[in-house]
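A.B. asks: So the sequence lines, in the order shown, correspond to chains D and B.
Residue 194 in the working numbering sits at position 52 of the first sequence, with consecutive numbering throughout.
Residue 367 in the working numbering sits at position 225 of the second sequence, with consecutive numbering throughout.
In short, the hints are calculated from the structure, not lab data.
Among the hints, a few may not be true.
Where chains are identical, the list cannot tell them apart; a pair therefore holds if satisfied intra-copy or between any two copies.
For lysine-lysine, the following DSBU-like pairs were computed, each having C-alpha atoms within a straight-line distance of at most 30 Å [what the hints assert, rightly or not]:
#, residue 1, residue 2
1, Lys688, Lys586
2, Lys166, Lys678
3, Lys628, Lys678
4, Lys678, Lys191
5, Lys382, Lys191
6, Lys191, Lys531
7, Lys264, Lys281
8, Lys678, Lys611
9, Lys610, Lys520
10, Lys382, Lys688
11, Lys401, Lys210
12, Lys338, Lys166
13, Lys610, Lys382
14, Lys678, Lys512
15, Lys183, Lys401
16, Lys382, Lys678
17, Lys520, Lys264
Note that the structure is a prediction, hence the values are computed from the model and not measured.
Each chain, letter by letter, is given below.
2 protein chains.
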Amino acid sequence: MSRKYTIGIDYVTDSVRSRVVNTKTGEEVAGAVFEYPRWRKGLYCDPAKNRFRQHPLDYLEGLEVTIKEALRMAPEGVAQQVAGISVDTTGSAPVAVDERGTPLALTDGFRENPNAMFVLWKDHTAVREADEINALAKKWNTDFTMYEGGIYSSEWFWAKILHVLREDAGVLRSAYSWVEHCDWVPAVLTGNTHPKTLKRSRCAAGHKAMWHEAFGGLPDEEFLVALDPLLEGLRERLYKDTFTCDVAAGTLTPEWAQKLGLPEGVVVGVGAFDAHLGALGAGIEPYHLSKVMGTSTCDMLVAPLDEINDRLVGGICGQVDGSILPGMMGLEAGQSAFGDVYAWFRRLLEWPLHTLLAETTLVDENTRRKLTDEVSSKIIARLSEEAEKIPVGESGITALDWLNGRRTPDANQNLKGAITGLTLASEAPAIFRALVEATAFGSKAINDRFIEEGVRIDGVIARGGVAKKSPFVMQIVADVLNMPIKVARSEQACALGSAMAAAVASGIYATTGEAQVKMGGGIESEYHPIPENAEKYARLYEEYRKLGTFAEFGLLP
Amino acid sequence: MSRKYTIGIDYVTDSVRSRVVNTKTGEEVAGAVFEYPRWRKGLYCDPAKNRFRQHPLDYLEGLEVTIKEALRMAPEGVAQQVAGISVDTTGSAPVAVDERGTPLALTDGFRENPNAMFVLWKDHTAVREADEINALAKKWNTDFTMYEGGIYSSEWFWAKILHVLREDAGVLRSAYSWVEHCDWVPAVLTGNTHPKTLKRSRCAAGHKAMWHEAFGGLPDEEFLVALDPLLEGLRERLYKDTFTCDVAAGTLTPEWAQKLGLPEGVVVGVGAFDAHLGALGAGIEPYHLSKVMGTSTCDMLVAPLDEINDRLVGGICGQVDGSILPGMMGLEAGQSAFGDVYAWFRRLLEWPLHTLLAETTLVDENTRRKLTDEVSSKIIARLSEEAEKIPVGESGITALDWLNGRRTPDANQNLKGAITGLTLASEAPAIFRALVEATAFGSKAINDRFIEEGVRIDGVIARGGVAKKSPFVMQIVADVLNMPIKVARSEQACALGSAMAAAVASGIYATTGEAQVKMGGGIESEYHPIPENAEKYARLYEEYRKLGTFAEFGLLP
Numbered sequence: 143m144s145r146k147y148t149i150g151i152d153y154v155t156d157s158v159r160s161r162v163v164n165t166k167t168g169e170e171v172a173g174a175v176f177e178y179p180r181w182r183k184g185l186y187c188d189p190a191k192n193r194f195r196q197h198p199l200d201y202l203e204g205l206e207v208t209i210k211e212a213l214r215m216a217p218e219g220v221a222q223q224v225a226g227i228s229v230d231t232t233g234s235a236p237v238a239v240d241e242r243g244t245p246l247a248l249t250d251g252f253r254e255n256p257n258a259m260f261v262l263w264k265d266h267t268a269v270r271e272a273d274e275i276n277a278l279a280k281k282w283n284t285d286f287t288m289y290e291g292g293i294y295s296s297e298w299f300w301a302k303i304l305h306v307l308r309e310d311a312g313v314l315r316s317a318y319s320w321v322e323h324c325d326w327v328p329a330v331l332t333g334n335t336h337p338k339t340l341k342r343s344r345c346a347a348g349h350k351a352m353w354h355e356a357f358g359g360l361p362d363e364e365f366l367v368a369l370d371p372l373l374e375g376l377r378e379r380l381y382k383d384t385f386t387c388d389v390a391a392g393t394l395t396p397e398w399a400q401k402l403g404l405p406e407g408v409v410v411g412v413g414a415f416d417a418h419l420g421a422l423g424a425g426i427e428p429y430h431l432s433k434v435m436g437t438s439t440c441d442m443l444v445a446p447l448d449e450i451n452d453r454l455v456g457g458i459c460g461q462v463d464g465s466i467l468p469g470m471m472g473l474e475a476g477q478s479a480f481g482d483v484y485a486w487f488r489r490l491l492e493w494p495l496h497t498l499l500a501e502t503t504l505v506d507e508n509t510r511r512k513l514t515d516e517v518s519s520k521i522i523a524r525l526s527e528e529a530e531k532i533p534v535g536e537s538g539i540t541a542l543d544w545l546n547g548r549r550t551p552d553a554n555q556n557l558k559g560a561i562t563g564l565t566l567a568s569e570a571p572a573i574f575r576a577l578v579e580a581t582a583f584g585s586k587a588i589n590d591r592f593i594e595e596g597v598r599i600d601g602v603i604a605r606g607g608v609a610k611k612s613p614f615v616m617q618i619v620a621d622v623l624n625m626p627i628k629v630a631r632s633e634q635a636c637a638l639g640s641a642m643a644a645a646v647a648s649g650i651y652a653t654t655g656e657a658q659v660k661m662g663g664g665i666e667s668e669y670h671p672i673p674e675n676a677e678k679y680a681r682l683y684e685e686y687r688k689l690g691t692f693a694e695f696g697l698l699p
Numbered sequence: 143m144s145r146k147y148t149i150g151i152d153y154v155t156d157s158v159r160s161r162v163v164n165t166k167t168g169e170e171v172a173g174a175v176f177e178y179p180r181w182r183k184g185l186y187c188d189p190a191k192n193r194f195r196q197h198p199l200d201y202l203e204g205l206e207v208t209i210k211e212a213l214r215m216a217p218e219g220v221a222q223q224v225a226g227i228s229v230d231t232t233g234s235a236p237v238a239v240d241e242r243g244t245p246l247a248l249t250d251g252f253r254e255n256p257n258a259m260f261v262l263w264k265d266h267t268a269v270r271e272a273d274e275i276n277a278l279a280k281k282w283n284t285d286f287t288m289y290e291g292g293i294y295s296s297e298w299f300w301a302k303i304l305h306v307l308r309e310d311a312g313v314l315r316s317a318y319s320w321v322e323h324c325d326w327v328p329a330v331l332t333g334n335t336h337p338k339t340l341k342r343s344r345c346a347a348g349h350k351a352m353w354h355e356a357f358g359g360l361p362d363e364e365f366l367v368a369l370d371p372l373l374e375g376l377r378e379r380l381y382k383d384t385f386t387c388d389v390a391a392g393t394l395t396p397e398w399a400q401k402l403g404l405p406e407g408v409v410v411g412v413g414a415f416d417a418h419l420g421a422l423g424a425g426i427e428p429y430h431l432s433k434v435m436g437t438s439t440c441d442m443l444v445a446p447l448d449e450i451n452d453r454l455v456g457g458i459c460g461q462v463d464g465s466i467l468p469g470m471m472g473l474e475a476g477q478s479a480f481g482d483v484y485a486w487f488r489r490l491l492e493w494p495l496h497t498l499l500a501e502t503t504l505v506d507e508n509t510r511r512k513l514t515d516e517v518s519s520k521i522i523a524r525l526s527e528e529a530e531k532i533p534v535g536e537s538g539i540t541a542l543d544w545l546n547g548r549r550t551p552d553a554n555q556n557l558k559g560a561i562t563g564l565t566l567a568s569e570a571p572a573i574f575r576a577l578v579e580a581t582a583f584g585s586k587a588i589n590d591r592f593i594e595e596g597v598r599i600d601g602v603i604a605r606g607g608v609a610k611k612s613p614f615v616m617q618i619v620a621d622v623l624n625m626p627i628k629v630a631r632s633e634q635a636c637a638l639g640s641a642m643a644a645a646v647a648s649g650i651y652a653t654t655g656e657a658q659v660k661m662g663g664g665i666e667s668e669y670h671p672i673p674e675n676a677e678k679y680a681r682l683y684e685e686y687r688k689l690g691t692f693a694e695f696g697l698l699p
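Please put together the full structure from these sequences, using the hints given.
C.D. replies: Shown next as C-alpha cells:
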C-alpha cells in the first residue's frame with residue numbers, strides 16, 4: 143500500500159497545530175491544536191520591555207501531543223500511510239544551542255533563563271543592535287541588508303543574537319551556535335541537530351540572516367567582528383548552505399517514529415516560515431500577490447528566477463531565491479499595520495467604556511462587564527455597516543495608515559498616522575472609512591512599487607482574518623487596487639502548505655506546483671473592483687500620496 | 143430720591159434675561175429669564191437647511207415677562223428708581239418691517255411666515271448671497287467688506303436680506319425696510335419705530351452691514367443694485383447715522399411704562415450686540431483682549447481712535463469706531479470652533495453609546511438612558527483629568543483646530559481640521575490634549591496677528607463657558623499665549639454690560655469707563671503661564687503653523 147498522507151505542522155505565536163492531510167485530495171483527515179502552557183502563563187516574557195521568549199519544551203510537547211492526537215483521531219490505518227512531515231514556524235526566532243544543537247534552556251543552569259530560549263518574532267529588545275547593524279551596513283563596502291529591503295530589523299536573527307550575547311555572559315560562554323525554530327524542529331525529528339550540519343531553511347536565512355549566494359553565504363566575518371568582537375568565530379559555527387522546502391531534512395528517527403506511532407522512513411522536510419508555506423497552501427502562483435491580511439499584512443510574490451535575474455526590486459522587504467517556492471524568486475513586502483489600524487480606532491471609541499462605564503454604580507459589576515463586552519464586540523461590524531453607506535470621497539477625510547510606521551514600500555519606522563479633512567460633522571463611520579481606505583492605499587503603494595520595478599502583478603490571492611471576515615474592507619481594497627482579489631478557502635493555509643511541502647519532500651509529488659494542483663483548497667470568494675469606485679479612488683490615492691509625501695519629507699508634524 | 147437702578151436686557155439664542163442692577167455697586171438686585179416658547183417648539187426652523195428664524199412675539203413676550211418678574215422680585219421701591227434700560231441681542235438678526243417699522247410677522251398675511259421673522263445669527267440660508275457679495279466686493283472700486291475683515295458672511299445683514307427677498311415675493315412686496323433685533327427692541331420701548339428715524343446701533347451697522355463713515359454710511363446704491371436690482375431704493379429706506387451704546391434712543395413710552403410698572407422718563411439706550419456689551423460688563427480696557435470662550439470664541443480689543451487712525455488691521459473680523467466702547471476703535475476677531483472641537487471629540491467617543499449601547503437588551507431602556515447620560519456627561523472632565531497628566535509635547539500628536547473653518551486670522555471657511563503624529567499607542571486623552579492645544583494655538587494666531595499689525599495686547603480677560611469651567615484648557619491657553627489670563631467674575635457679563643450702558647445713556651455716569659469702575663464684577667481667577675511649558679509650546683506652535691501652512695496652500699487633502 144503506497145503512502146498517501148502527510149502531516150503539516152504549523153507553529154503560531156501561542157500554539158501549534160498538526161494536520162494530517164490526504165495528498166491525493168488535499169482533504170484534512172484529522173487535526174489537533176496545543177496551546178503552549180508556559181507561554182499562556184506569561185513565563186519568560188516582559189511585555190513592558192517588549193521581551194517575548196518561548197521555552198523549547200512548549201514546542202516539543204506540542205509537537206508530540208498534536209501529532210499523536212491527530213493520528214488518534216484519523217481513520218484507522220492512516221498513521222501507517224504517512225509519507226512525510228513538514229514544519230512551519232513564525233520567525234525570526236533564534237535560540238542559543240550547545241555543540242550538539244541542544245537549546246541551552248534544555249541544559250542544566252539555563253532551564254529558566256529567558257536568554258537561553260527562543261527569541262520570538264515580536265521580541266523588540268534588540269532595537270539598539272538593529273540600529274548598529276544598519277549603521278555599519280551602510281558604511282560597509284557590501285551592504286549585506288540589500289536583499290532584505292535595505293533596513294535590518296530588531297526582529298531578526300543577528301540583532302537578537304547580538305543583544306542576548308551582550309546581555310548574558312552565561313549564554314555567551316555556553317552558546318556554541320544559534321538555530322532558528324523552523325530549523326530546529328526538523329533537526330530534532332531527524333536526529334541531525336548538529337549546528338554545522340543540520341539543514342537550514344532558505345527563507346529564514348535569506349530574509350532574516352543576510353544570507354545570500356552572492357555573499358558566499360552569511361555576511362563576512364570582518365563585518366560581524368566590526369559589529370562586535372563578541373561575534374568572532376560564530377559565522378563558522380553557523381552555516382553556508384541553505385535549502386528550500388521541497389528538500390528532505392532526513393527521515394524520522396526510530397525513537398520519534400515509535401513515540402508518535404508512525405512507520406519507519408517517514409521523510410521530514412526542511413522547515414520554513416509560516417507566511418511562505420501559507421502562501422503555498424493558499425495557491426500562490428507566479429506574478430500573483432499572496433496577501434496575508436490580518437493585524438498587519440505580509441505580501442508575497444514569486445517570479446521565475448530568469449525573469450528577475452540579478453535585478454534588485456527596491457524598497458520591498460526582501461528577495462530570496464527559493465524562499466517561497468523552490469526554483470522561484472521569492473519577493474516579500476508588507477504593511478506594518480492593517481487590521482491594527484481598525485483595532486486602534488475601536489480602542490479609541492471604547493475609551494469611555496473602559497474608564498467611565500467601568501465605574502458606574504447604576505448596574506452591577508457583572509452587567510457592566512457584559513455591556514462592555516457586548517458593545518466592544520460589535521463596534522467594528524457596526525462601523526463597517528455604517529461606513530459602507532457613505533459614497534466614495536463624500537466625507538472629504540483622508541488618512542495615513544502609518545500608525546505603526548511603514549514596512550514597505552521603503553521601510554521607515556519613524557512615519558506616523560494622520561487624519562485630515564475633519565469637520566464638526568465628521569462622525570465615527572466616516573473616519574473609520576477613511577482609515578480603511580488608508581490601509582487599502584497602503585496596499586496599492588506596494589503593488590505600484592512592484593509594478594514600477596518591472597514585476598507585474600496578475601492577481602491577488604488573500605487570506606488572513608480581515609480577508610475572511612470583512613467584505614467591506616475587501617471590496618475597498620479591490621476598488622483601490624483596481625484588481626480582482628481571490629480569497630483562499632483553506633482556514634489553515636499554513637498547515638496545508640506544510641503538508642504540501644511534505645508531499646514534495648517525501649517524493650509523492652515532483653514539484654510544489656503539482657502538490658498545489660492536487661491538494662489546493664481553492665477559492666472561497668472573489669472581489670471585483672467596481673469601476674466607478676476604482677476611478678474615484680485613483681484620484682483619492684493621489685491625495686493620500688500627497689499627504690504621505692509631506693510626512694516622508696518630515697514636513698508634517 | 144435719585145434714580146440709581148438700571149435694567150440690562152440680554153437676548154441670547156434661546157431666551158431673554160432681564161437684570162435689575164444697582165448702579166452704585168454693580169450688584170444685581172433681581173433678575174428673570176424667559177425661554178422663547180415658539181423657538182422651544184422648533185417652529186419656523188429647519189435645521190437640515192440651516193434655517194433658523196425667531197418670531198417677534200417671542201421677543202416681546204419675553205421683554206414684558208422678564209422685566210415685570212424682575213421688578214416684582216426686587217426690593218420695594220426699586221421700580222420707581224429705575225433710570226434706564228439697555229438691550230443687547232445676538233446678531234446679525236434682521237427682520238423685514240413695514241413703513242411703520244412693524245415686523246411683517248406681526249401683520250396680517252405674514253404671522254406664520256418664517257421669511258417675515260427675525261433671521262437668527264446662525265441661519266446659513268444665505269451662503270450663495272454671501273458668495274455673490276464677496277465676488278462683487280472684490281471687483282468694485284471700493285471694497286465695502288474692508289472694515290469687516292474682507293470676507294462677507296452668510297450670517298450677516300445684506301446676505302440675509304437678499305436671500306429672503308429673492309425667496310419670498312410676498313415679503314419682497316411688503317417689506318419697506320429692515321431692522322436689526324438690537325435696534326428694534328429699543329425702538330419699540332421708545333415708540334420710535336420708523337425705519338428711517340429709529341436709532342441704529344453702531345456695532346450692528348459697522349460689523350455686519352458694511353456701514354462706515356468713510357463710505358458715507360451704507361454701501362453705494364450702485365453697488366447694491368449691481369448685486370441685485372431687487373435691492374433698488376432700499377438703502378434710502380434704511381439709515382445713514384448710527385449710534386454708540388452710551389447714547390439714549392429715547393424714553394419709555396407711557397404705555398410701556400404703565401405695562402411694566404416703571405416711572406415716566408426712563409431712558410432707553412441704543413442697543414448693541416451681546417458680545418460687545420458683554421466685553422463692557424467683563425471689564426474690557428484698552429489693549430486688553432476680551433475673549434469670550436465657549437463653543438467658538440469672540441475676541442474683542444479696543445484701542446484709542448488716534449492710535450489706530452485710518453490703519454486697517456488685516457485679517458481680523460472687523461474694526462468699527464465705537465462698536466465696543468464709545469470713543470474707541472473696536473476690533474473684533476474670533477475662532478470658528480473652540481469648545482465645539484472638544485464637543486466633536488466627545489460625540490465621536492459617544493458613538494458606541496448612541497448606536498450599540500442604545501440597542502442592548504441586557505438592561506432596561508431607562509437604565510440604558512441613565513448609563514448613556516452618566517458616561518456622556520463625564521467624558522470631557524475625565525479626558526481633561528487624564529490629558530493633564532501628559533507632559534507637554536510627549537504624545538507627538540499635532541492637531542489643526544479648523545473643524546469649522548477659520549474665522550481669524552484671515553477668514554477661510556474651506557479650511558478643515560487635522561490630527562497628525564498618530565501611532566497605535568495614541569489614546570483618547572492624548573488626542574484630546576492635542577485638540578485643546580490646537581484651539582490654544584488658534585488663539586495665539588489671533589494674538590500674534592494683532593501684534594504684527596502694531597496693536598499690542600497687554601492682557602487677556604476671559605469669560606464664557608470654557609473660561610469658567612475648564613482650568614485645564616485655560617492653563618494651556620495661558621501657556622500657549624505666554625500671557626496671564628484673567629477670568630471675569632460676573633456670570634452675566636452681557637446683562638451687566640447692558641445695565642452699565644443704560645447707566646451712561648441715562649446720565650448716571652458720564653462714560654462707560656466710569657460705569658465700569660463702579661459697577662464692574664471684577665476678576666474671579668487668573669491663570670499664569672508656566673515658563674517651561676510656555677517655552678515648549680513656542681516650539682510646538684511652529685509645528686502647528688507648519689501644518690496650517692500646508693492646509694492653507696491647499697496642500698493637505
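A.B. asks: A separate judgement is required for each hint: does it hold in the structure or not?
C.D. replies: Now the hints, each set against the structure:
1. Taking the shortest Cα distances, lysine 688 and lysine 586 sit within 30 Å of each other both inside one copy (14 Å) and across copies (28 Å).
2. Neither within a single protomer nor between protomers do lysine 166 and lysine 678 lie at most 30 Å apart by alpha-carbon distance, with minima of 46 Å and 68 Å respectively.
3. In this homomeric assembly, lysine 628 and lysine 678 come within 30 Å of each other (Cα to Cα) only inside a single copy, at 22 Å, whereas the closest approach across copies is 51 Å.
4. Within a single copy, lysine 678 and lysine 191 get their C-alpha atoms only as close as 44 Å, which misses the 30 Å cut-off; across copies the closest is 28 Å, which meets it.
5. Taking the closest pair of Cα atoms, lysine 382 and lysine 191 never come within 30 Å of each other, the shortest separation being 34 Å inside a single copy and 74 Å across copies.
6. Taking the shortest Cα distances, lysine 191 and lysine 531 sit within 30 Å of each other only across copies (22 Å), while inside one copy they are farther apart (42 Å).
7. Within a single copy, lysine 264 and lysine 281 get their C-alpha atoms as close as 28 Å, which meets the 30 Å cut-off; across copies the closest is 64 Å, which misses it.
8. For a Cα distance limit of 30 Å, the shortest separation of lysine 678 from lysine 611 inside one copy, 25 Å, qualifies, whereas the shortest one across copies, 45 Å, does not.
9. In this homomeric assembly, lysine 610 and lysine 520 come within 30 Å of each other (Cα to Cα) only inside a single copy, at 17 Å, whereas the closest approach across copies is 38 Å.
10. With identical chains, the CA atoms of lysine 382 and lysine 688 are never at most 30 Å apart, being 45 Å at best within one copy and 52 Å at best between copies.
11. In the homo-oligomer, the alpha carbons of lysine 401 and lysine 210 lie at most 30 Å apart inside one protomer (8 Å), although the nearest pairing across protomers, at 99 Å, exceeds that limit.
12. For the identical chains of this complex, lysine 338 and lysine 166 are neighbours neither inside a copy (36 Å) nor across copies (99 Å), given an alpha-carbon limit of 30 Å.
13. Taking identical chains as interchangeable, the C-alpha atoms of lysine 610 and lysine 382 are never at most 30 Å apart, the minima being 40 Å within one chain and 72 Å between chains.
14. With identical chains, the CA atoms of lysine 678 and lysine 512 are never at most 30 Å apart, being 42 Å at best within one copy and 44 Å at best between copies.
15. In this assembly of identical chains, lysine 183 and lysine 401 lie within 30 Å of each other by CA distance solely inside one copy; the values are 27 Å within and 82 Å between copies.
16. With identical chains, the CA atoms of lysine 382 and lysine 678 are never at most 30 Å apart, being 51 Å at best within one copy and 53 Å at best between copies.
17. Proximity of lysine 520 and lysine 264 under a CA criterion of 30 Å is satisfied intra-copy only: 28 Å inside one chain copy versus 37 Å between copies.
Hint compliance for this structure: hints 2, 5, 10, 12, 13, 14, 16 are broken, all remaining hints hold.
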